[in-house]
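**Q** Sequence:
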Amino acid sequence: MDLKKQLETHLIEIARERDPYLATAAHFFVQQYIRASFSQWGSVEIHTFEVGSKVYENLILNLPSDFKTGKDNLSPILIAAHYDSVPGSSGADDNATGVAVLLELARIFATQPTRYPLRLVAFDMEEAGLLGSKEYVAKLVQEKQKLRLMMSLEMIGYCDINPGTQNYPAPILKKFYPETKNFIDLIGNLKTLPDLMRLRNSFRKSGTKSELLPVPNNGKMVSATRRSDHAPFWDAGYRAVMVTDTSFLRNPHYHKPSDKIETLDLDFLTGVCRGLEFGIS
3 MDLKKQLETH
13 LIEIARERDP
23 YLATAAHFFV
33 QQYIRASFSQ
43 WGSVEIHTFE
53 VGSKVYENLI
63 LNLPSDFKTG
73 KDNLSPILIA
83 AHYDSVPGSS
93 GADDNATGVA
103 VLLELARIFA
113 TQPTRYPLRL
123 VAFDMEEAGL
133 LGSKEYVAKL
143 VQEKQKLRLM
153 MSLEMIGYCD
163 INPGTQNYPA
173 PILKKFYPET
183 KNFIDLIGNL
193 KTLPDLMRLR
203 NSFRKSGTKS
213 ELLPVPNNGK
223 MVSATRRSDH
233 APFWDAGYRA
243 VMVTDTSFLR
253 NPHYHKPSDK
263 IETLDLDFLT
273 GVCRGLEFGI
283 S
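Residue numbers for the sequence shown follow our numbering, beginning at 3 and rising by one.
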């Protein structure tokens, strides 16, 4: 199957103005598209939460582990991407790219189970303040659920080969990280360092450049590292990683009407998906 074509197909359906306030019809369309895609591989769990007087939904697909090597009591790896966008933007990179890869990982691992059970989650209301993930983490904590690892896919399709274009939230980071926007960034709390190193190796295998950034104190010293759905998991004590093209530090179309599919590098996005496939397998 042509992975690049599959990802593009998802992007065409998802990349549209779909904020939950002003574009409610498109928001509902994308929500149902994700639900239908997940439904091909298993029963979809709906986690509802309220914001004001409205009800919103996180969509969840659980995939079993490989029965030959897995055990029933292994904690799952949770992989997530948010499907809402900001008003006035089709959100192709933010975060149709993350959702597209999430849907392809569902397809891949539904037929090729991994050692660990997988839980794929499409979060809503990330742009409103990580509301969907905060509500879901509260549920996990209340139920004392354990996770092997949480991975947030946050803007993973923008690439620029021109040197000197990559920005960083702290000047000192420029001394240690590339100046060219052609890598995927793996950002985790300190307890994920072994996972970060393993993921970096998997991206090398896929031919995609990657950098890792382990952050102390749940990223509170560098607030830009907290700007996705992994942050509530950090705060609750879970091992969590953000996979990102560095968002507003790289993509000039961030939160703008110009965040469209034609600005993305689909070969780069395909490499990111392959790297995640190798790293999770």
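Hints in this document: simulated from the structure, not taken from any laboratory. The structure presented is a predicted model; accordingly, all values stated were derived computationally and were not measured. Where is the CB? At the ideal position from N, CA and C, for every residue including glycine. Among the clues, some could well be false.
Unchecked claim - Just the calculated beta-carbon pair ranges, DEER-fashion:
1) Phe250 with Leu76: 12 to 20 Å
2) Gln147 with Phe178: 20 to 28 Å
3) Pro196 with Glu145: 22 to 30 Å
4) Ile174 with Gln144: 35 to 43 Å
5) Pro89 with Arg109: 27 to 35 Å
6) Glu145 with Pro173: 14 to 22 Å
7) Gly166 with Asn75: 31 to 39 Å
8) Leu175 with Met199: 14 to 22 Å
9) Arg117 with Pro259: 28 to 36 Å
**Q** Confirm or reject each hint.
**A** Right, here's what the structure says about each hint:
1. Checking the proposed 12 to 20 Å range against phenylalanine 250 and leucine 76 shows it is violated: the Cβ atoms sit about 36 Å from each other.
2. In this structure, glutamine 147 and phenylalanine 178 break the distance hint of 20 to 28 Å, their C-beta atoms being roughly 36 Å apart.
3. The hinted window of 22 to 30 Å between proline 196 and glutamate 145 holds, with their beta carbons roughly 26 Å apart.
4. A hinted range of 35 to 43 Å for the beta carbons of isoleucine 174 and glutamine 144 is consistent with their spacing of about 39 Å.
5. At roughly 31 Å, the beta carbons of proline 89 and arginine 109 sit within the given window of 27 to 35 Å.
6. One distance hint, 14 to 22 Å for the beta-carbon pair glutamate 145 and proline 173, is violated here, with the actual separation near 42 Å.
7. The hinted window of 31 to 39 Å between glycine 166 and asparagine 75 is violated, with their beta carbons roughly 50 Å apart.
8. Here the CB-CB span from leucine 175 to methionine 199 is close to 18 Å, well matched to the stated 14 to 22 Å.
9. Between arginine 117 and proline 259 the beta carbon distance is about 43 Å. The supplied range of 28 to 36 Å is therefore violated.
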